[in-house]
Structure formats: C-alpha cells, structure tokens
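Sequences are here, hints too, so could you generate the full structure?
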Amino acid sequence: MMRRSMLRSLALLASGMLLFFAGLAVTTLPNFAAVPAVVTIGNFAFSPPNLTVPPGTTVTWTNTDEEPHTVVSAGPGKVFKSGGLDTDEKFSVAFDQPGTYTYFCSVHPQMTGTITVK
Amino acid sequence: MDTTPNTPRATKADDTGQTRRGMLKCLAWAGTGVLWTVAGGVPKGVELGFGPTAAYAEPAGFSFVQISDTHMGFKAEANPDPNATLQLALDRIAALPAKPAMMIHTGDVTHLSKPTEFDTADQLIKGARLDTHFIPGEHDVIGDDGKQFFARFGGTGANSGGWYSFDQGGVHFVALVNVMGFKPGTGGTIGQDQLEWLAADLKDRSASTPIVVLAHVPLWPIYPQWGWSTGDGDQAMAYLKRFGSVTILNGHIHQVVQKVEGNVSFRTALSTAFPQPEAGTAPNPGPMKVSAEKLKTLLGLRQVDYVPAGGVAARDMTLA
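Here the protein sequences line up with chains A and B, keeping their order. Residue numbers 1 to 118, in the numbering used here, belong to the letters of the first sequence in order. Residue numbers 1 to 320, in the numbering used here, belong to the letters of the second sequence in order.
It is possible that some hints are incorrect.
Unchecked claim - Covered by chain A, per the in silico footprint, the following chain B stretches (three or more residues, Cβ under 8 Å):
no., region
1, 66 to 80
2, 138 to 150
3, 206 to 216
4, 280 to 288
Claimed, not checked - No more than 16 Å apart at the CA atoms, straight line, and that leaves these computed lysine to aspartate or glutamate pairs for EDC-like:
no., chain 1, residue 1, chain 2, residue 2
5, B, K114, A, D86
6, B, K289, A, E66
7, B, K99, B, D131
8, B, K75, A, E89
9, B, K114, A, E89
10, A, K81, B, D144
11, B, K75, A, D88
12, B, K75, A, D96
13, B, K75, A, E66
14, A, K81, B, D145
These are computed hints drawn from the structure, not numbers from a lab. Every residue, glycine too, gets a C-beta built ideally from N, C-alpha and C.
Right, here's the structure in full:
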C-alpha cells in the first residue's frame, strides 16, 4: 500500500518536476519575436557588425553619428539601399529568405556589416 | 658687332658648343635675346644683354584659389552655420590684392546631396564671380550616383564618369572623381576606365608641362583605416611620374597634410565647414567640436600661384 502510494507520489513529483523544468525551458528559450532586430550606426561602425535573425524579421538601422551614413547591400541576392541617413534617421529592411547579406556604408566604405538570416 | 656670317668669330663655338651663327639664327627665329634652360621640367628664361633691348617680360604666371568640403546642409554642434563660414572664405578671396584667375572646389560641396543644399552652394559660390571648377566628394553623390552634382557642377567636356581636364596659363589641370563605385572595406577608388582616360590624356604631353591633379579623397595613403587613401592611387601616380612638376590637390580630411616626393607635391586642404581630428587621434574621423573662437582658425582656403620660372607655390589661409 505504502509502496504504491509512495510510487504514485514519486511519479507525481517526477512529472511535476518534469513539467516544471519543461516550463522553465520554454520560458527561457529566446523569444525572437520579442527581441528587436536593431543595428546602431555609431562611431563610424555598425553595431552589432554581424546580426543573426530568423526569416521574416525586419531589421532597423539607426544612425547616431553626426556624420551621415548609408546602408547599401554589397553581396548578391537581396538588394537594399538606404538614402543618406542623417543623425537619428532610420532605415528598415524585411529579411524573408535565409542567407547571409553583406552591406556597407557607401559614404564610408570601410564600414561593413552582415545580416545572417536562419 | 661683327655679324658677317662666315668670319672665324661667327663659326667659333663657345663653351656650350653654340656658335655665333647658330645663336643669331635662333635669335632671328625667337625675336628676343633669351637663353632658355629647363630645370626640373620648368622652363626658366634668362635675359641676355644685347645692347638696347626692350625689357624682357617673364611670361606672366597666374594664381587660383582652392576651397574644399563646404558641406552645405551640415548643422551639428561642430559648426551650426557652414553657410556663414563659406561666405567668410569667399570674402577673404574677394579681398585678395590680385583677383585669382579661377577657383577650384575639391568636393563635399553638400552634406547630404539634397537639392536645397546644392542650391545654397551654387548661390553662394556664384556670388564670388569666379570661374569655378568642381569635383565631387562622397557626400555629393549619395543616393543618385552624382546625377544632381554633375548636372549643376559638371566639368566642361567631362567624361560620362564626370572626370575632365583643362589647360590654363600653361598648366594642365586634371580633375579626377575618386568617390564613386566604392567597394566595401576600401577608401577612394579611381577605377579602370578613368585610369585609362588619364593615361591617354597625359600621353602626348611634354614632361615640362606643369600638372595639377584634383581629387577629393587623398591619392596617397594618409590613414587607410579612416578611408584616407585611394586604393588605385599608385597607378595614377605611375602615369604622372615622368612630369617635372606635379601638384596633387585633395580634400576630404578637413586639414592640411602635405608630402613631397621628387617632383610631386601632395596637399590636402582645410574645410570651410568643420575640422576633423588628426589621423588616429580620435575614435573616428567625424566632425571635431572646438570652441567658437578656435573654429575659424581651423577652417580656411588655399591660394596657389603658378610662375613659369618658379613653379607652383601654395599658401594656406585660415579664416581667423
């Protein structure tokens, strides 16, 4: 009797713990939809220089420098090109297809970055 | 003077191998008594005293001015009013004792390639009433491959890529465009088409022709980490190497840096809009903020004098 109820309690406890940890795992999984896909243009650099996002993400660049910058695709595949971005101006691109997209600033070509979609 | 053609004196060669008869033949052709020498590719005339002659006048030189990086449309803390500082520079030019023959603008006329910025620049610069030759900076070709810039400030007879050359006062000017077709990770770029044009443009010119080359981004590697260099600049320099006097005038870095290498002198220019830090002295080459009093001491223009016997002389002038 004792053993059965003990077994049951143990089973309950075990499943409870399983559920608990599963729940923990689920809540600690990165929630991509909630993390903003943002690149800051500052100090003549793209931050982060390499950003990875899931397909369907819109990435937004914001220029915080006092110099204008641009965001222009460099590689094959998707073509994107901002106009001149003055201080505080933004530029957004939706990335639907997986791949790695290199871009640079056409005014200061030593500034480069990548968006990896996977 | 005994000018009988066949006397011994007429045919005796002097130390340089010149005979009297030969000299007189030359004089008859030239019409003046001048012995020409060429030093460093620059012709130098020395008057010979041959009795009463009209005073020999040196071929007149000419002077021009260079302004650069006017950045119409810039309004951040480093200079809230670049229109005013440009006007100051143009006032300084107007006050020069002798009016310059022409003006050159070595690029970054505007800050963001906006139509209103081009308008303002055009208006202010026309007010100087000087024949002005422009080349674009990277700020002038944002978003439209230079369409607006070339429509307003394109050089006469310019190639479709915007580069051109012209002659004035015995000097050959070459206006290069090294701010288009940037590839990631690079600085200024001249490109194959333009290099081929340059080679052809220079090919038949005498090595004694003084050459002045205009290009926005420095043609030599001042600080590549900040884009202060031209990747294929050394190819252009190879074509220029044989000339006796070559002056490279650049902009882009908003400060004067100079280098002399044999017959070539390289000079960048002050901006009329805002200063930038010296190479490597700041985290980035962005506009450098200084006090209002100090600002005008870091902005300015350049006067260039060309004298046939003396070559090219440059004088930088700050606004204060």
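Quick rundown of the hints versus the structure:
1. 66 to 80: That given contact holds, which follows from 3 residues of the region 66 to 80 of chain B lying within Cβ reach (below 8 Å) of chain A.
2. 138 to 150: Answer holds; 4 residues pass the 8 Å Cβ test.
3. 206 to 216: violated (count 0)
4. 280 to 288: This one holds; 5 residues, not fewer than the three required, reach chain A with a Cβ under 8 Å.
5. B:K114 / A:D86: holds, 11 Å
6. B:K289 / A:E66: holds, 11 Å
7. B:K99 / B:D131: holds, 11 Å
8. B:K75 / A:E89: Distance of about 15 Å is within 16 Å: holds.
9. B:K114 / A:E89: holds, 15 Å
10. A:K81 / B:D144: The given pair, whose Cα atoms are some 11 Å apart, holds under the 16 Å limit.
11. B:K75 / A:D88: Holds, because 13 Å separates the two Cα atoms, which is no more than 16 Å.
12. B:K75 / A:D96: violated, 38 Å
13. B:K75 / A:E66: holds, 9 Å
14. A:K81 / B:D145: holds, 12 Å
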